[in-house]
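Participant: In order, the protein sequences belong to chains D and P.
In this text, residue positions in the first sequence follow the working numbering: the first is 1, and each later residue adds one.
In this text, residue positions in the second sequence follow the working numbering: the first is 1001, and each later residue adds one.
Rather than coming from a laboratory, the hints here were simulated on the basis of the structure.
Keep in mind the model is a prediction, meaning the values are calculated, not measured.
Treat the hints with caution; some may be incorrect.
Within a straight-line C-alpha distance of at most 20 Å, the following computed DMTMM-like cross-link-like pairs (lysine to aspartate or glutamate) qualify [as the list claims (entries may be wrong)]:
1. P:LYS1088 with D:ASP40
2. D:LYS155 with D:ASP130
3. P:LYS1042 with D:ASP52
4. P:LYS1042 with D:ASP40
5. D:LYS155 with D:GLU127
What follows is the residue order along each chain.
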Amino acid sequence: MTEIATEQAVYTRAVSVTVNGEARSAEIETRLLLVHFLRDTLGLTGTHIGCDTSSCGACTVLLDGIPAKSCTLFAVQADGRELTTVEGLMQDGQHHPIQDGFHEEHGLQCGFCTPGMMLTATALLAENPDPSEEEIRWAISGNICRCTGYKNIVKAVQHAAAAMKEGR
Amino acid sequence: MYPAGFEYFAPTSVEEALSVLERYGDEAKVLAGGQSLIPLMKLRFASPRALVDLNRIEGLDGLYEDDGMLNVGALVRHKTCERSELLKSRYDVLADAAPQISDPIVRNLGTMAGSLAHADPQGDWGSALLAAGAQVQARGPGGTRTIPLDEFFVGPFTTALEPTEIVTWVQVPDPGLRAGGAYLKLERRVGDFATAAVGVHVSFTNGKVERAGIALTGVGPRNLRARAAEEALAGHELDDDAIAEAARLAAEAAEPQDDVRGSAEYKRNVVRVFTARGLRKAAERREER
């Protein structure tokens, strides 16, 4: 019998990423979405799954510092890149100013959108340390909150901006 | 929601990407920003055997003018267009459209070229670029060919691209200083598709319209050019009567349907009003130059 060489389809791949400053590697299915990689493979459940259709922004993480919806990105696409999730905001046991802002200004009720909101806000402040209310509202317009009406979220971001300006 | 399994390729050159496409033909899909393709794969409207991720290819993220043409590479994100001073300086219809596409986070990843290749009749870039008279550069096994956008859109989610071709560049003729444009979009909320939208681009010569481009979003099976309206304007002054007539003809060119976003009649009326407003805005902007 002649043996016919066929190319075997490969549906898995090794992925190495830096998550919150830590190198992480895993052999994963190519179809694995980034949000599932973070939550299920790495156990980082702070990133929430909301709509699962790239509409709500609850799953927002930073990909090389830029907000991206992790339900609409394959984990393999993040190979070799840097990710920040809500777990990475706290540094040396200290809250990030954006976390203090949400706490002080009551920027959440149920808290489901909060991780995504905070990461989007962090990216905004990194780029624009003194945003106007309109700029804040524009920046978070891809993150939906069903509780607060956004008023206190805007105040939380302003709080963080002021604190960061003072170097806190 | 999980997509079906696929083989993932992350080529570092266009040639390498093309070789994967040659191997898999129409069972492969090309991934740029993924903001339309990945949702489709999750819903299993698309289940490619192979996914060709362009993001590791260098040199496709250029946004520059060269020899009378604006060139936008396949990996240029909506966000880059939104912030481009070059677009704001003269490419009004594009500069207006960019910040109205989806939401800011989606714009961080989504691309202009990918939006065209996806050919959603609701796509904003399609109409903005049709109005601007754009063309795409498609690379395939036989080399590069230029496809005018008019011929590129064949139907809903269908383009003139061969399965073995990749859109590498979008090209837009330099409108010069004697031109103006606008993109007006009615959406129910940020991130929604257009209830209706209109892209307008007008160039002038000796106080008269030299060429008008008018294209409609969300009111037909693909991005539609309102040709009768364009032709009615050419060679005429852009006065109130001409604007009203062009707006009427654009509304007539629309093929809207009743849906959750509004009735067909309502959408047609939005097209009429937005065409008139867009033409006035184009004239104002031309005056300011």
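Participant: Each hint should be assessed against the structure and marked as holding or not.
Facilitator: How the hints compare with the structure:
no.: 1; hint: P:LYS1088 with D:ASP40; in the structure: violated, 43 Å
no.: 2; hint: D:LYS155 with D:ASP130; in the structure: holds, 13 Å
no.: 3; hint: P:LYS1042 with D:ASP52; in the structure: holds, 9 Å
no.: 4; hint: P:LYS1042 with D:ASP40; in the structure: holds, 18 Å
no.: 5; hint: D:LYS155 with D:GLU127; in the structure: holds, 18 Å
Hint check: a violation occurs at hint 1 only; the rest are consistent with the structure.
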